[in-house]
Amino acid sequence: MSKILIIAEHRSGKLNSSTAKCVTAARAMQAQAIDIAVFSSDPAAVAAQAAKLDGVSRVLSLDHPANDPALAATLAPQVVALAAGYTHVLAPSTTFGKDLLPRVAALLGESMASDLMKVIDAYTFERPIYAGNAITTVQAAADRKLIASVRLASFAATGEQSGSAPIEAVKLDVPLPTHTRFIELQAGAQDRPDLQSAARVVSGGRALGSAEAFSIIYALADKLGAAVGASRAAVDAGYVASDLQVGQTGKIIAPGLYIAIGISGAIQHLTGIKDAGTIVAINKDGEAPIFEVADIGLVGDLFKLVPELTAALD
Amino acid sequence: MKILVAYKRVIDYNVRVQVKPDGSGVMTEGVKLSANPFDDIALEEALRLREKGIASEVIVVTIAPADAQAHLRNGLAMGANRAIHVVSEQAVAPLTAARVLLKLIETEQPGLVLLGKQAIDDDASQTGPMLAALWDRPQATFASKVEVSASSARVTREIDAGLEILEVDLPAVVTVDLRLNEPRFIKLPDIMKAKSKPMQTIAIDTLAIDASNHHTTTRFAPPAQRQKGVLVKDVPELVAALKARGLL
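The listed protein sequences derive, respectively, from chains A and B.
Its first residue numbered 162, the first sequence is counted upward by one per residue in my numbering.
Its first residue numbered 189, the second sequence is counted upward by one per residue in my numbering.
Same shape as in the complex, but just chain A (with noise of 0.2 Å):
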């Protein structure tokens, strides 16, 4: 039976949702039990929303000033002490967990799975590899700890209906390093619906032309309650930052409807969408791959069709 913790990541008091995919994750491995462990300055708001999670057996509140904001570097020796009684040790594949966890399974001597997209049994999965053009089933020695980052657009987050586990404060004597110093976030424009959690996300890319030209695709997104995304031409050619990137090498995003305008359709963007729900394409090139993946297709004039598709909405 299955014992895992899961490391919550959080920010500026808010569980991030990514979170409950991966207690949907572990609830996927005949867990007996279920620990959130939350690092922070200032556990006690985000412990209290871990705790009402479905599924949750223990939160693990790990107050220290040293936890805000989180440290690959930081982290890493008090998760190592904590993982000794589980079996498994799980993070989202955000850059949160991608910085994280690889550090956690080194010190561990333990092999890592990045990016676990299915679960079959505690210790057999699959996991996407070549930017998604292939998946892999991979079996994980049952006698070792698996170390593992879940794929966000894989798994559906974990209800709030039952959840009231309890929150115990943990104490550990590690010592933490020095050499590793946060200076300053530069955070992104948060007005609109995060793009990793959004249900809707409408995206650009180079056809758009320019920084300008994008507040057609800011204006059908708001329209819609939509998260922005962007290609990586579009970022690349600074339309838009690149925190809003889809894609490979970007985010890896699910959502229920996704629209791609202006977008032709790498591989390496492709893989960032191929588990939405529907997707829209409008474009130009009546050719682009795009097409060959969007459910419901248009071929025409962005410039023109997008307005019109905004004004239709209302």
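FYI, nobody ran anything at the bench for these hints, they're computed from the structure.
In this text, a Cβ means the ideal position worked out from N, Cα and C, and glycines have one as well.
Watch out, some of these pointers could steer you wrong.
Quick partial rundown of chain A residues pointing at chain B, CB under 10 Å, derived from the structure [stated by the list, open to error]:
(1) 232
(2) 267
(3) 275
(4) 292
(5) 304
(6) 342
(7) 361
(8) 428
Computed footprint of chain A on chain B; a stretch qualifies when at least three of its residues, placed anywhere within it, have a C-beta under 8 Å from a C-beta of chain A [claimed, not checked]:
(9) 197 to 205
(10) 327 to 341
(11) 344 to 350
(12) 365 to 378
(13) 407 to 415
Dock chain B against the given chain A, drawing on the hints supplied.
Chain B in isolation, oriented as in the chain A frame:
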């Protein structure tokens, strides 16, 4: 200071990878191989640091089969001073790669180790942080800007919430993101020059590292195909199609 750059050879990013019909792997015969795109960015950054007088020597390292010398010659032609080829006929997992790199660090004593943020074949994104952990040194992953001074580096990281700036003491491990720089093209005279640059070959077995992998890949499969979609002719038809799917 010396800079060590991990320089992996992978299937070229433009190749549409196919899974073998028997599920034993992906087709690799006759497929174009190239440097991992992120590793080219790491090498470019190392070369720029040398051009600024911050680094004295740039060393490219690969762990690959015996036929990977041409790959390392590319790195030398781009501008690396010398190359180390750790010969392994089998692909190695990130933890093994990190242990190999640590062995080389013990000999070379670099001030900075640069790696790509991930290899585009296994998409693991693990080797850099694993190396930093084994070495007990700082890590700065997903770097889009690196400023190196005598004893520390200030690194801008591309994280989900925006851009984070860290300061790390040296030596450190930095993994690079796409937007760090634009790698230079290799010129013909540099290819000729690269032929006379030193290349050291080390058999992986002689490094006496634990190369065990606790994970076994049992099957490869193509991804699930999406159903063929429909084309609509105008915006009213698009709105109707979205309504029919219950999306509006």
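Hints versus structure:
A cut of 10 Å between beta carbons decides the hint on residue 232 of chain A: the least distance to chain B is about 7 Å, and the hint holds. A hinted interface residue such as residue 267 of chain A counts as satisfied when its beta carbon comes closer than 10 Å to some beta carbon of chain B; here the least separation is about 4 Å, so the hint holds. Because the beta carbon of residue 275 of chain A sits about 5 Å from the nearest beta carbon in chain B, less than 10 Å, this interface hint is met. Satisfaction of the interface hint for residue 292 of chain A is found here, the shortest Cβ-Cβ separation to chain B being roughly 7 Å, below the 10 Å cut-off.
The interface hint given for residue 304 of chain A is met, as the beta carbon of that residue sits about 9 Å from the closest beta carbon of chain B, less than 10 Å. For residue 342 of chain A, the interface hint holds, since its Cβ comes within 10 Å of a Cβ in chain B; the closest pair sits about 5 Å apart. About 8 Å separates the beta-carbon of residue 361 of chain A from the nearest beta-carbon of chain B, less than 10 Å, and the hint is met. Checking residue 428 of chain A against chain B by beta carbon gives a least distance of about 7 Å; that is within 10 Å, so the hint holds.
Interface restraint, the stretch 197 to 205 of chain B with chain A: holds (4 residues with C-beta to C-beta distance below 8 Å; minimum three). Remark: the stretch 327 to 341 of chain B is confirmed as covered by chain A, as 5 of its residues place a Cβ nearer than 8 Å to a Cβ of that chain, reaching the required three. For the stretch 344 to 350 of chain B, the assignment as covered by chain A holds, since 6 residues bring a beta-carbon within under 8 Å of that chain's beta-carbons and 3 suffice. Counting residues of the stretch 365 to 378 of chain B whose CB lies closer than 8 Å to any CB of chain A gives 3, so the stated coverage by that chain holds, three being the minimum.
Counting residues of the stretch 407 to 415 of chain B whose beta-carbon sits less than 8 Å from any beta-carbon of chain A gives 7, enough to reach three: the coverage restraint holds.
Checked against the numbered hints above, the structure violates none of them.
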